[in-house]
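Build the full structure now, drawing on both the sequences and the hints.
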Amino acid sequence: SQAIDVDLALSLGVRSLSSKDDLADIPEEYHSWANYPAILFPWTAPDGRVEYQIRPDNPTDDARGRPRKYVVPRDMVPVLWAVRPVAGPARLVIVEGTKQSLAAASYAPAGSAIYGISGCRSWQKDGIPIPDLMVADGLDVVILLDADAAGNPDVYGAGMGLAEALTMEGAAKVTFARLPAAGKSGLDDVLATRPEDRRAAYLARILDSSK
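Reading the sequence shown from the start, the letters are residues 305 to 515 in the working numbering.
It is worth saying that the hints were derived from the structure and are not from the lab. Please note: incorrect hints may appear among the correct ones.
To be verified - EDC-like mimics (lysine to aspartate or glutamate), calculated; alpha carbons at most 20 Å apart, straight line:
#	residue 1	residue 2
1	K429	D493
2	K477	D512
3	K373	D351
4	K373	D441
5	K429	D351
6	K515	D452
7	K373	D361
8	K477	D441
9	K477	D444
What the hints assert, rightly or not - Listed next, with one range per pair, are the computed distances between beta-carbon atoms:
#	residue 1	residue 2	range
10	G369	H335	23 to 31 Å
11	Y506	N339	16 to 24 Å
12	E333	D365	31 to 39 Å
13	A391	A508	18 to 26 Å
14	K488	S513	18 to 26 Å
15	D444	S322	37 to 45 Å
16	D458	D379	16 to 24 Å
17	A476	P435	16 to 24 Å
18	P484	G461	18 to 26 Å
19	D326	M464	33 to 41 Å
20	G465	G352	24 to 32 Å
Treat the numbers as computed from the prediction; the structure is a model and nothing was measured. Backbone N, C-alpha and C define an ideal beta-carbon position, used for all residues, glycine too.
This is the structure we're talking about:
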């Protein structure tokens with residue numbers, strides 16, 4: 305489970321897919337490129353709009369020979385995934401990555417609302433910030449990207465663009481939490497290496513040290 309609360313994932317509609325029959329209740333545009341077995345992640349936006357992401361056990365390669373770890377429709381408008389919305393939160397945390405977002409919601413302190421973006425640039429479509437970011441209006445926001453944000457200028461730039469977009473939506477304050485890791489490691493990877501009874505406090509310190 306990689307530091308993910310299974311009950312939380314199930315409550316969000318995450319489920320296994322063993323064949324096309326398991327997609328009977330999902331829009332047709334998701335059927336053609338899914339290969340099985342796989343895991344289905346429903347990404348529900350703050351306004352209730354749902355887009356679906358599929359994670360095949362055996363990914364196919366894209367045109368550049370890279371495995372498609374997660375598959376979405378080509379023209380999909382990105383979603384700010386409301387993984388753990390909280391009424392009147394003291395802090396809104398935006399996490400990069402599917403499993404990373406679930407791990408954050410599994411262990412984040414009470415009063416922290418958790419929202420996910422599928423990739424470092426998945427807060428915009430054709431260069432325009434998605435309306436989902438309005439959920440940050442009036443709130444303190446912490447952005448938690450994967451560890452490569454520290455050394456990859458493209459990821460760093462994407463994060464700064466997100467911070468600017470959130471400020472324009474009315475966020476009271478925007479800070480970045482730095483993941484104590486290297487390479488492409490994500491929050492789920494880091495928390496999974498810690499004993500379960502230490503994960504919540506560990507994540508709280510990551511969030512509290514945001515700058």
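Under the constraints set out in the numbered hints, which ones does this structure not fulfil?
1, 3, 4, 11 and 12
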